[in-house]
Each structure stands twice: as C-alpha cells, then as structure tokens.
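Trainee: Chains as they are written, first to last, in this note's numbering: chain A, 115 to 396; chain B, 115 to 396.
Hints may contain errors.
One copy or two, it doesn't matter: identical chains are merged, so the pair holds either way.
To be verified - Within a straight-line C-alpha distance of at most 20 Å, the following computed SDA-like cross-link-like pairs (lysine to any residue) qualify: (1) Lys393 x Tyr198; (2) Lys256 x Ala219; (3) Lys393 x Asp277; (4) Lys256 x Val332; (5) Lys256 x Asp341; (6) Lys393 x Thr216; (7) Lys256 x Pro236; (8) Lys256 x Gln242; (9) Lys256 x Asp320; (10) Lys256 x Asp157; (11) Lys393 x Arg207; (12) Lys256 x Arg241; (13) Lys393 x Thr160; (14) Lys393 x Ser342; (15) Lys393 x Pro276; (16) Lys256 x Asp132; (17) Lys393 x Asp341; (18) Lys256 x Leu376; (19) Lys393 x Pro138; (20) Lys256 x Ala346; (21) Lys393 x Ala211; (22) Lys393 x Gly379; (23) Lys256 x Thr182; (24) Lys393 x Glu140; (25) Lys256 x Pro377; (26) Lys256 x Gly379; (27) Lys393 x Asp355.
Keep in mind the hints are simulated off the structure, nothing from the lab. Computed from a predicted model, the values in this text were never measured in an experiment.
Number of protein chains: 2
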Amino acid sequence: MLLSLLAATAAAGLSPTDIVAQAPAEAWRDIAPADLLVMTLADGGTVTIQLAPGWAPVHVANIATFATARFWDGAGINRVQDNYVVQWGDATRAAPAAVQPTPPAEYQRPLAGTGFRPLGFPDAYARQTGHAGGWPVATDGKGNGWLVHCYGMVGVGRDMSPDTGTGAELYAVIGHAPRHLDRNIALVGRVIDGIERLSALPRGTDALGIYADAAQHVPIASIRRGDSGTTAPAWQYLATDSPTFAAYATARANRQDAFFNLPAGGADICNVPVPLRRKPGG
Amino acid sequence: MLLSLLAATAAAGLSPTDIVAQAPAEAWRDIAPADLLVMTLADGGTVTIQLAPGWAPVHVANIATFATARFWDGAGINRVQDNYVVQWGDATRAAPAAVQPTPPAEYQRPLAGTGFRPLGFPDAYARQTGHAGGWPVATDGKGNGWLVHCYGMVGVGRDMSPDTGTGAELYAVIGHAPRHLDRNIALVGRVIDGIERLSALPRGTDALGIYADAAQHVPIASIRRGDSGTTAPAWQYLATDSPTFAAYATARANRQDAFFNLPAGGADICNVPVPLRRKPGG
Chain A
115 MLLSLLAATA AAGLSPTDIV AQAPAEAWRD IAPADLLVMT LADGGTVTIQ
165 LAPGWAPVHV ANIATFATAR FWDGAGINRV QDNYVVQWGD ATRAAPAAVQ
215 PTPPAEYQRP LAGTGFRPLG FPDAYARQTG HAGGWPVATD GKGNGWLVHC
265 YGMVGVGRDM SPDTGTGAEL YAVIGHAPRH LDRNIALVGR VIDGIERLSA
315 LPRGTDALGI YADAAQHVPI ASIRRGDSGT TAPAWQYLAT DSPTFAAYAT
365 ARANRQDAFF NLPAGGADIC NVPVPLRRKP GG
Chain B
115 MLLSLLAATA AAGLSPTDIV AQAPAEAWRD IAPADLLVMT LADGGTVTIQ
165 LAPGWAPVHV ANIATFATAR FWDGAGINRV QDNYVVQWGD ATRAAPAAVQ
215 PTPPAEYQRP LAGTGFRPLG FPDAYARQTG HAGGWPVATD GKGNGWLVHC
265 YGMVGVGRDM SPDTGTGAEL YAVIGHAPRH LDRNIALVGR VIDGIERLSA
315 LPRGTDALGI YADAAQHVPI ASIRRGDSGT TAPAWQYLAT DSPTFAAYAT
365 ARANRQDAFF NLPAGGADIC NVPVPLRRKP GG
C-alpha cells in the first residue's frame, strides 16, 4: 500500500497539503486532553501546547502541577528574542509543594519503544533524524533519542547547569531551529495552535530579548490543562508511522507542485512538521 | 595563526560573540553603499538590505532601477506568513522602462571565484554548504553554487515558472529556513538591520499569509539605494575567509560557553550567520 500510495502521489504531483487532506481517518491519532495546555492571554487570545510526557516526564508533571495550581495566572511573557524564543512564566514565585525542585536532566531517552521512523536525510547535529509518536526526534545511533528544537517547540528555561529548571518558566522557539540547544535543555512539548500570538509580539530590547520594562510584559490571564473542565478543543496529529505520513514526508522532500522547478531531494527534520488538526466534530 | 587562534578559543571557552568582539580590524569588509537598500516604513522604522549582485545580477539591477525610480514609495507590505515570509511591493504597477521584464533564472552560478569556504557538516539539501564573500552558500559538488534561504534572506516573488519575477515584489524569510525554495527562486540579498520591523508584524489571515484587507497593508514611505545621497549608515561583514570567521564557525558548532553541557559538534548553514556591524566611525 505504501509504495502504491507513493507512486500515486508522484504521478499526481500531489502537494504535501493535498496528501494530508486525503489522509484516511485511521491515520489520525487523538491527543489526550491531559496532554494539552491552554494559555489564555489577557486580550483573550489563546495558545495551545501539546505536552510530551514520554520525553520529559518529571518536567511535564511539574508543568501539570503548576497549571492545576493556577501558578501562572497573572504572570506574563517577559522575553521575545527575534529569530530565537518567546519566554513566559515566573521562576521567582514560590512553587506548589508538589513541584519537584530539581528535576533530572531529561534531555534524552532510549529510542526503543518510541516508534521511531527515520527521515533518511543527512543532518548536521545528529546521526539520524526522524519522527516518533508524532514528535520530531534525533538519535546518536547508540540507542538514545531526543526531541529536536524545531519552530514552535516548547522548552524549560533554566539557569546554569546542572539546573534544569522546574518548568516555572517556559519558552517557545520562534525562529530558525536552534538545534545547538538540543540535549542542553529539557523540551516538553510544542505549540499546536496560536503560535502567531507569540511570534508576532514586539521584540524585547534588553539583552536576550528581555523586555526592558516590566510594563511591556504581555499578561497571561490563565494557563490550564486540557482536562481541567474548560472547553479545550480536541486535537489530532497525523500518525508518523502511517503510510500517509511517509507519502507526506516524501512530498515535502520532493516538491512536485507546479510552483517548483527543482525538487530538493531532501528535507531537514524541522521542514517536515507533523500535521495537526482539530478533531472532526471535536 | 588559524590553529593557534582555534586552540586559544577552545582553551578560553570563548563564545562566538566573544570571538567576533575580538576580531581584528582587517577581518572586517566594507559593504559597498551601492549594495544597500534602505526601506523606510510609514512609521519611520527602517529595514536595511544588503544586495548580492554577484549572485543575481539582472534581478539586482532591476531592484536598483526600481529604487532609483522611487517605484515602491507608497506601496506596502501585503503578506506576512508565520514561520515563512514577509512580502512587499507591487507587481501590478507599471515598471520603469529600464527594468528587464523577463530576467534569466539566476538560481545558481559557478562556485569558482566566490571564495567558498566549506562549513564541513552534513546537509539535507546540498552536497556541501559554507560561506562565500560573506554569504551563506550551498553547492552540488559539480561546480555550481547558490545562495541559501536562511532567516532574513531576501528573494524575488514570482508567479509560476518560467517566470522569475522582476523584483517588483520582494520577500524576506522570517522563519525556519525554507530550503526547498533554494534554486527555485532568485535570492537577491538579506536583511542586515531591522528584521524585527518585518518579523513582528501581524500575520495575514488569508491563504499564504496575505492580508485579507488592503487596509491592513503596512505602508512603505520609501525604498532607497544606499548610494542615493540619503544618509544610510556604513556597514561591514566579517570576512568569511578570515581566521576569525573560522574560529567563530567552530565555536558556533561546539559551544563552550558556560550554559552548555553538550556541544553539538556540528551546525547547519543557517545557524552560522555571518556577523555584521556598523562600520566604526561610519
């Protein structure tokens, strides 16, 4: 089926978007509501984050605890660095008692059991890149895997090592993938909706894009878990071990749409973003 | 000298920023004023672009003609697509007579004579990447070189091939490097100052990030050449064939600053941006 799908795709010159639009229902996987985090800004705009408990369980548990405790309500976005990150939260407030103050360095995990699908193209940072369980992943070829700092990925702000951060301050990538941060910071998820509410914010003018004046902070009304009883919409991702995803990845690397003269014959991991959608009827 | 500089760098754990700050004066090259383009937005903010006549001479000559004719004055930014591009100009206005209406497809050129310095790390899109004359470049290993779609790079909007665009509409990259566009569109330069005046604009809500309403267009007061008599500041780039650049590139790929636990041992071409500065006293 995979080959015939690929062949049909090439013959039809389908774009990656077309392929995703034609994906069968069984290629989509539900995202558990407990893995969603909904940030509501003071102006009513929302940003939805999918957490990755399989990759950074202690940090993600902390984040869930912070959200349940309404820790971030009234905090703000305090850093917007162009071509880099947006950061929010407040590491100076007292954390809830259930928060682990010194989480382990959850920078990688065994690749086994993740359903890793190699993308198959060279990478400057890792032995191999690919996707696993809907996430962009890299590996050292020695059995270790880690999440990759692609656009929209969410990580935990920290001070100097061995501190890993509690999760009280989070950041999202809003520029070219800062892959040098891979395995140096705990990645805990990604923005799946509303990234433009972060990426289009005014840049901070102090070092590292920090807002020079606290009055510039963008206030956060609330951050809630997707299973907290609020009406968070249901989301799905395209299964990265599905034939549709294989066809999509191939089409991303070999663009056949009419606009293109010369297909690249390759794609980097961050240019093969995992398709996401609102669950039909959800 | 190179090896001793590299050794000193590693020993000192210098950051890329430190290395650039310590660059000797002779490592800096002036950017010709004729190669600068200054866009002034209606709110007074400016965006400075360095053109690349060595890579797309006909398109760059067209752009110079448009600027001299004040073609863009009163035009606007009409497209802001998140994690992709900002686009401005107006391909519907009548072009000045000196504009070449059907430029050749300046998508690559012979690498010979460009001073190409290989970066030395694997790449998903090209045989090799590196820098040449201050630009990020890729090669097929068959003697052809091309500019790379890194963050901030500026290209020429076009319709379907074989159209290459006249230069009347330009775009700048504001997201993860869309490398699949390499060799499919004419790149003509890069934003060297003021990118945040583009990247932080509200995203367009129509397909491709087009502003749904012309009233949302961000008005352009003027776009002028840097040698047009206005007071454009002088700029310099770090010579990409200098020992300082070699040390900088090595440090970008092997971060020794205190924040990092694990140097990547590699870097992609767009994560080794060419350092730029205002010319001292300029």
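Trainee: Hint by hint, say whether it matches the structure.
Mentor: Evaluated hints:
1. Taking the shortest Cα distances, Lys393 and Tyr198 never come within 20 Å of each other, neither inside one copy (30 Å) nor across copies (26 Å).
2. Proximity of Lys256 to Ala219 under the C-alpha cut-off of 20 Å is restricted to the intra-copy arrangement: shortest distance 18 Å within a copy versus 44 Å between copies.
3. Taking identical chains as interchangeable, the C-alpha atoms of Lys393 and Asp277 are never at most 20 Å apart, the minima being 38 Å within one chain and 40 Å between chains.
4. Proximity of Lys256 to Val332 under the C-alpha cut-off of 20 Å is found in neither arrangement, the shortest distances being 43 Å within a copy and 51 Å between copies.
5. When the C-alpha separation of Lys256 and Asp341 is checked against a cutoff of 20 Å, the pair qualifies neither within a copy, at 37 Å, nor between copies, at 56 Å.
6. In this assembly of identical chains, Lys393 and Thr216 lie within 20 Å of each other by CA distance neither inside one copy nor across copies; the values are 36 Å within and 46 Å between.
7. Proximity of Lys256 to Pro236 under the C-alpha cut-off of 20 Å is found in both arrangements, the shortest distances being 17 Å within a copy and 19 Å between copies.
8. Within a single copy, Lys256 and Gln242 get their C-alpha atoms as close as 11 Å, which meets the 20 Å cut-off; across copies the closest is 26 Å, which misses it.
9. For the identical chains of this complex, Lys256 and Asp320 are neighbours neither inside a copy (41 Å) nor across copies (45 Å), given an alpha-carbon limit of 20 Å.
10. In the homo-oligomer, the alpha carbons of Lys256 and Asp157 never lie at most 20 Å apart, since the shortest distance is 47 Å inside one protomer and 54 Å across protomers.
11. In this assembly of identical chains, Lys393 and Arg207 lie within 20 Å of each other by CA distance neither inside one copy nor across copies; the values are 36 Å within and 44 Å between.
12. With identical chains, the CA atoms of Lys256 and Arg241 are at most 20 Å apart within one copy only, with a shortest distance of 9 Å there and 25 Å across copies.
13. Within a single copy, Lys393 and Thr160 get their C-alpha atoms as close as 18 Å, which meets the 20 Å cut-off; across copies the closest is 43 Å, which misses it.
14. Taking identical chains as interchangeable, the C-alpha atoms of Lys393 and Ser342 lie at most 20 Å apart only when both belong to the same chain, with a minimum of 18 Å there against 56 Å between chains.
15. Taking identical chains as interchangeable, the C-alpha atoms of Lys393 and Pro276 are never at most 20 Å apart, the minima being 40 Å within one chain and 40 Å between chains.
16. With identical chains, the CA atoms of Lys256 and Asp132 are never at most 20 Å apart, being 36 Å at best within one copy and 34 Å at best between copies.
17. For a Cα distance limit of 20 Å, the shortest separation of Lys393 from Asp341 inside one copy, 16 Å, qualifies, whereas the shortest one across copies, 55 Å, does not.
18. In the homo-oligomer, the alpha carbons of Lys256 and Leu376 lie at most 20 Å apart only across protomers (16 Å), although the nearest pairing inside one protomer, at 35 Å, exceeds that limit.
19. Taking the closest pair of Cα atoms, Lys393 and Pro138 come within 20 Å of each other only inside a single copy of the chain (13 Å); across copies the shortest separation is 58 Å, beyond that limit.
20. Proximity of Lys256 to Ala346 under the C-alpha cut-off of 20 Å is found in neither arrangement, the shortest distances being 39 Å within a copy and 53 Å between copies.
21. In this assembly of identical chains, Lys393 and Ala211 lie within 20 Å of each other by CA distance neither inside one copy nor across copies; the values are 35 Å within and 54 Å between.
22. For the homomeric pair Lys393 and Gly379, neither the shortest alpha-carbon distance inside one copy (32 Å) nor that between copies (40 Å) is at most 20 Å.
23. For a Cα distance limit of 20 Å, the shortest separation of Lys256 from Thr182 qualifies neither inside one copy, at 38 Å, nor across copies, at 58 Å.
24. In the homo-oligomer, the alpha carbons of Lys393 and Glu140 lie at most 20 Å apart inside one protomer (12 Å), although the nearest pairing across protomers, at 59 Å, exceeds that limit.
25. In this assembly of identical chains, Lys256 and Pro377 lie within 20 Å of each other by CA distance solely across copies; the values are 17 Å between and 32 Å within a copy.
26. Within a single copy, Lys256 and Gly379 get their C-alpha atoms only as close as 27 Å, which misses the 20 Å cut-off; across copies the closest is 16 Å, which meets it.
27. Taking the closest pair of Cα atoms, Lys393 and Asp355 come within 20 Å of each other only inside a single copy of the chain (19 Å); across copies the shortest separation is 52 Å, beyond that limit.
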